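Visitor: Next come the chains, spelled out residue by residue.
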Amino acid sequence: MEPEASVVEVNLESNLANVERAEEAARTVAANMGFDEEGEFHVEMAVHEAVINAIHHGNKEDPSKQVHIRFLVFEDRLEIHVRDEGQGFDPANVPDPLASENILSDSGRGIFLVRKFMDEFRVEKSPAGGTDVIMVKHLTTRFQSNQGGTGREHEGNSASG
Amino acid sequence: MSMKAIVRQVDSVTVVDVSGRITLGEACKELRDVIRGELGKGHKSLLLNLADVTYIDSSGIGELVSAFTAVSNQGGQLKLLNLTKKVHDLLQITKLYTVFDVRDDEADAIGSFKSA
Numbered sequence: 000m001e002p003e004a005s006v007v008e009v010n011l012e013s014n015l016a017n018v019e020r021a022e023e024a025a026r027t028v029a030a031n032m033g034f035d036e037e038g039e040f041h042v043e044m045a046v047h048e049a050v051i052n053a054i055h056h057g058n059k060e061d062p063s064k065q066v067h068i069r070f071l072v073f074e075d076r077l078e079i080h081v082r083d084e085g086q087g088f089d090p091a092n093v094p095d096p097l098a099s100e101n102i103l104s105d106s107g108r109g110i111f112l113v114r115k116f117m118d119e120f121r122v123e124k125s126p127a128g129g130t131d132v133i134m135v136k137h138l139t140t141r142f143q144s145n146q147g148g149t150g151r152e153h154e155g156n157s158a159s160g
Numbered sequence: 000m001s002m003k004a005i006v007r008q009v010d011s012v013t014v015v016d017v018s019g020r021i022t023l024g025e026a027c028k029e030l031r032d033v034i035r036g037e038l039g040k041g042h043k044s045l046l047l048n049l050a051d052v053t054y055i056d057s058s059g060i061g062e063l064v065s066a067f068t069a070v071s072n073q074g075g076q077l078k079l080l081n082l083t084k085k086v087h088d089l090l091q092i093t094k095l096y097t098v099f100d101v102r103d104d105e106a107d108a109i110g111s112f113k114s115a
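Chains D and X, in that order, are what the protein sequence lines are. Using numbering that gives the first Met the number 0, read the first sequence as starting at 0 and increasing by one per residue. Using numbering that gives the first Met the number 0, read the second sequence as starting at 0 and increasing by one per residue.
It should be emphasised that the hints constitute simulated quantities derived from the structure, not laboratory data. Mixed in with the good hints there might be a few duds.
Said to hold, decoys possible - Heads up, incomplete: computed chain D residues facing chain X, CB under 10 Å, no partners named:
1) Glu19
2) Phe40
3) Ile54
4) Ser104
5) Asp105
6) Ser106
7) Gly107
As the list claims (entries may be wrong) - The calculated SDA-like cross-link candidates involving lysine to any residue, where the alpha carbons are at most 20 Å apart (straight line), are:
8) D:Lys59 / X:Lys28
9) X:Lys84 / X:Asp103
10) X:Lys3 / X:Asp32
11) X:Lys85 / D:Glu100
12) D:Lys115 / X:Lys94
13) X:Lys28 / D:Asp95
14) D:Lys115 / X:Ser18
15) X:Lys94 / D:Ser106
16) D:Lys115 / X:His87
17) X:Lys40 / X:Gln73
18) X:Lys94 / D:Ile102
19) X:Lys28 / D:Leu15
20) D:Lys115 / D:Lys59
21) X:Lys28 / D:Asp105
22) X:Lys85 / D:Gln65
23) X:Lys28 / D:Ser104
24) X:Lys28 / D:Asp35
25) X:Lys85 / D:Leu11
26) X:Lys84 / D:Asp35
27) D:Lys59 / X:Val6
28) X:Lys84 / D:His55
29) X:Lys85 / D:Glu23
30) D:Lys64 / X:Gly24
31) X:Lys28 / D:Glu100
32) X:Lys28 / D:Glu19
33) X:Lys84 / X:Ser18
34) X:Lys94 / D:Lys59
35) X:Lys84 / D:Phe40
36) X:Lys94 / D:Asp35
As the structure is a prediction and not an experimental result, all values here were calculated from the model. Backbone N, C-alpha and C fix where the C-beta goes; we use that ideal spot for every residue, glycine too.
With the hints as constraints, model all of the structure from the sequences given.
Guide: Written as structure tokens, this is what we have:
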């Protein structure tokens, strides 16, 4: 049975000025877990984009609504939930920013970057109300990207430990 | 750190030294105002020096695209100078690196406008 995750929670009012607090928390959690600098940046950027999305699109910058961020720290991965109190969105309806007709669009790259930087991404309707964006990044990608051929050894060690 | 944009003129080229964070909200609006302001003055050769940009998000990238389009639509040129690794990587990922004319030497960049 998998050990229980350590949990870090951050709740923010829907004000864009608060986004940096979420980024700081993301950076700290990722660094403490042992992600390398690039991994930390990817986690930080994914949280930034998800929180901006929650504040701006989800909660429509309504100060009475909050954004709830939960960092679930597992031995081999970081799972992040960003929940707003809005009406939600369907990621399938987000246009592909790499399509030739969208390449010069001035918006629509946030979710794309989250997908690029994280290993898993999904959107769920939260039982508590609002939309829950769930993102996962595995620690093993650190070894794969940094150490090339030795990555398998580390993955093996990680899986058995 | 919020965004700062300092405008200077080098020959016929308007150089905008951007520093800090280009993110959704005031920073994007300020950058937009600076670019539109320069276009309004008839300055159509614009070089954005991004050397001291510490952070850019998807909205900031969108603002660069918007600036590029606005300048191009006026018959001008907008080029980027001194990308940090993070900005460089983000432009690569979003396939915008080849859309922009990206330079890493200011004198070379200034000269490239003259020959255009």
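Visitor: Under the criterion that the straight-line Cα-Cα distance not exceed 20 Å, is the pair Lys84 of chain X, His55 of chain D satisfied?
Guide: 28 Å, violated
Visitor: Just to be careful, I want the Cα atoms of Lys94 of chain X and Lys59 of chain D compared with a cutoff of 20 Å; is the pair within it?
Guide: 29 Å, violated
Visitor: Would the hint linking Lys84 of chain X and Asp103 of chain X be met if the CA-CA limit is 20 Å?
Guide: 12 Å, holds
Visitor: Does the closest beta carbon of chain X sit nearer than 10 Å to the beta carbon of Gly107 of chain D?
Guide: Holds, because the Cβ-Cβ distance from Gly107 of chain D to chain X comes to roughly 8 Å (cut-off 10 Å).
Visitor: Is it true that the CA of Lys28 of chain X sits at most 20 Å from the CA of Asp105 of chain D?
Guide: 13 Å, holds
Visitor: Take the C-alpha atoms of Lys28 of chain X and Glu19 of chain D, compute the straight-line distance between them, and say whether it is at most 20 Å.
Guide: 18 Å, holds
Visitor: Given the proposed pairing of Lys59 of chain D with Lys28 of chain X, does the C-alpha separation stay at or below 20 Å?
Guide: Holds: Lys59 of chain D and Lys28 of chain X sit about 18 Å apart, inside 20 Å.
Visitor: For Lys85 of chain X and Gln65 of chain D, compute the direct alpha-carbon distance and say whether it is at most 20 Å.
Guide: 30 Å, violated
Visitor: Lys115 of chain D and His87 of chain X: Cα distance at most 20 Å?
Guide: At roughly 15 Å apart (the allowed maximum being 20 Å), His87 of chain X and Lys115 of chain D satisfy the hint.
Visitor: Just to be careful, I want the Cα atoms of Lys64 of chain D and Gly24 of chain X compared with a cutoff of 20 Å; is the pair within it?
Guide: 18 Å, holds
Visitor: Within a Cα-Cα threshold of 20 Å, do Lys94 of chain X and Ser106 of chain D meet the stated pairing?
Guide: The hint holds at about 14 Å.
Visitor: Do the alpha carbons of Lys85 of chain X and Leu11 of chain D lie within 20 Å of each other, as the hint requires?
Guide: 27 Å, violated
In the structure shown, a violation is registered for the earlier hints numbered 11, 13, 14, 20, 22, 24, 25, 27, 28, 31, 34, 36, in ascending order.
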